[in-house]
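Trainee: Here is what each chain is made of, one letter per residue.
Protein chains: 2
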Amino acid sequence: MLFRQLFDAETSTYTYLLADETTREAALIDPVLEQVERDSKLLEELGLKLVLVLETHVHADHVTGAGMLRERTGATVAASPRGAPCVNRKVAHGDVLRLGRLEVKVLETPGHTDDSLSYLCEGRLFTGDTLLIRATGRTDFQNGDAGQLYDSITGRLFTLPDDTVVYPGHDYAGHALSTIGEEKRHNPRLAGRTREDFVTFMKSRQLPPPKKLDVAVPANRACGVIAPQPQA
Amino acid sequence: MLFRQLFDAETSTYTYLLADETTREAALIDPVLEQVERDSKLLEELGLKLVLVLETHVHADHVTGAGMLRERTGATVAASPRGAPCVNRKVAHGDVLRLGRLEVKVLETPGHTDDSLSYLCEGRLFTGDTLLIRATGRTDFQNGDAGQLYDSITGRLFTLPDDTVVYPGHDYAGHALSTIGEEKRHNPRLAGRTREDFVTFMKSRQLPPPKKLDVAVPANRACGVIAPQPQA
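First to last, the protein sequences are chains A and B. Taking this note's numbering, the leading residue of the first sequence gets 1, the next gets one more, and so forth. Taking this note's numbering, the leading residue of the second sequence gets 233, the next gets one more, and so forth.
Simulated from the structure, these hints should not be mistaken for lab results. Ideal placement from N, C-alpha and C gives every residue a C-beta, glycine not left out. Check each hint, because a few of them may be wrong.
As the list claims (entries may be wrong) - Calculated pairs, DSBU-like style, for lysine-lysine (alpha carbon to alpha carbon, straight line, at most 35 Å):
1. K203(A) to K49(A)
2. K281(B) to K211(A)
3. K184(A) to K322(B)
What the hints assert, rightly or not - Between beta-carbon pairs, the in silico distance windows are:
4. G279(B) to P208(A): 30 to 40 Å
5. G47(A) to T254(B): 32 to 42 Å
6. R417(B) to V165(A): 47 to 57 Å
7. K281(B) to P188(A): 17 to 27 Å
8. S204(A) to G387(B): 40 to 50 Å
9. D327(B) to P188(A): 35 to 45 Å
10. G387(B) to F201(A): 28 to 38 Å
11. V165(A) to D372(B): 34 to 44 Å
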């Protein structure tokens, strides 16, 4: 398996590149619009064919590159049916997406938003904004629900093996990865906290809206391609 | 082997954590002063004992956390004899540093600065500012020498196996890693360029001095601990 972690410094967003080294079929998880040139160049240099774009959710803090990448490559864009209407493939809990000989398993992990998914591939777990390193996604917009987030993390992610590597959708402190075991032990919002503690804590937070909320959500519901595309 | 890549967003600097999973002995490569709390906390959470701090060179763009980490942990700080006078262990080309059962091999790779080292551990190559992803370090200060940099990269790094993973000291585009094979093929300053081409290109660049040059170099020659330390 060929694997790369990519970072958008402006929005502290991680994008992930996964590929079958033999068939050269590739997937990008959560690509960022402003980084489409970088990501396209890397795919070309590595001799990869983009066949799949996986969205963890409709983002509120950056605009996706999914639509532009689909136009360029014909890749399938996959996401939750509760997410962006523009996607070609709506996936549900337990679905397995094939990427050459690799299997990417879909986990529904709502709570940050109602459409939040995580993806699992060969011991690597891509958690979007559901589980962050020593933190979690917020739950105060886009049908977020703190209780549901707690259930998704503790019931669906924390039941995976402790050595599962956690790759989040963002990090703001310079961490690249964590593991399920580490987050169980050291995530201050979850370790030793009951569901009620977690809900109370999340409700007590007074956060300003994400900077790009008004722009990003409508753009992302159109896969980042805002103007009508006659050929799309 | 336990391995983590850490990022300082202000200076786009990568720090690396390497550890023997059994003995729990750990090394940090190029720690950043402002991130000492983050790195100390991670070491503690992972149950690791810092025994070694490896500097790739005297940095001009950020201040090292080596001295502060040494004061806290008693770790040995290693670097080139042409680098900071404050280090405890001066290492030369071909030296092997032990980290539990791991071996870290020292490669002298001057050119960005005259004290630049790279470190190799289990197929991972830490190149400091010698070789960056699709770029190289600059050569216009601290006894930099473009011809020497070309020789270090092509003669010492590009002779390693193509699948050696390159972990640079910085990246400004959101790339986390590369490989020797990739850089041979796709580094625009090196692929298909002669030594003369490279030297001409490097000399043609008109770059402003690094922002922190006047502060960082003297601070780093003191391992980032600027005030006299009675107990040091």
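Trainee: Starting from the range 30 to 40 Å, see whether the pair G279(B) and P208(A) falls in it by beta-carbon distance.
Mentor: Holds - the Cβ-Cβ distance for G279(B) and P208(A), about 37 Å, lies within 30 to 40 Å.
Trainee: Okay, K281(B) versus P188(A) on CB: inside 17 to 27 Å?
Mentor: holds, 23 Å
Trainee: Mind checking the alpha carbons of K203(A) and K49(A) for me, to see if they're no more than 35 Å apart?
Mentor: violated, 44 Å
Trainee: Are D327(B) and P188(A) spaced within 35 to 45 Å by their CB atoms?
Mentor: Given range 35 to 45 Å: holds, Cβ gap about 41 Å.
Trainee: For the pair R417(B) and V165(A), does the Cβ-Cβ distance stay inside 47 to 57 Å?
Mentor: violated, 28 Å
Trainee: Check whether the Cα positions of K281(B) and K211(A) lie no farther apart than 35 Å.
Mentor: Outside the cut-off at roughly 40 Å; violated.
Trainee: Confirm or reject the claim that G387(B) and F201(A) have a C-beta distance inside 28 to 38 Å.
Mentor: violated, 56 Å
Trainee: Between K184(A) and K322(B), is the straight-line Cα distance small enough, at 35 Å or below?
Mentor: Distance ~40 Å between K184(A) and K322(B) Cα, so the pair is violated.
Trainee: Could you tell me whether the CB distance from S204(A) to G387(B) stays inside 40 to 50 Å?
Mentor: violated, 59 Å
Trainee: Do V165(A) and D372(B) keep their Cβ atoms within the hinted range of 34 to 44 Å?
Mentor: holds, 40 Å
Trainee: Between G47(A) and T254(B), does the beta-carbon spacing fit 32 to 42 Å?
Mentor: holds, 38 Å
Taken one by one, the earlier hints fail for this structure at numbers 1, 2, 3, 6, 8, 10, listed in ascending order.
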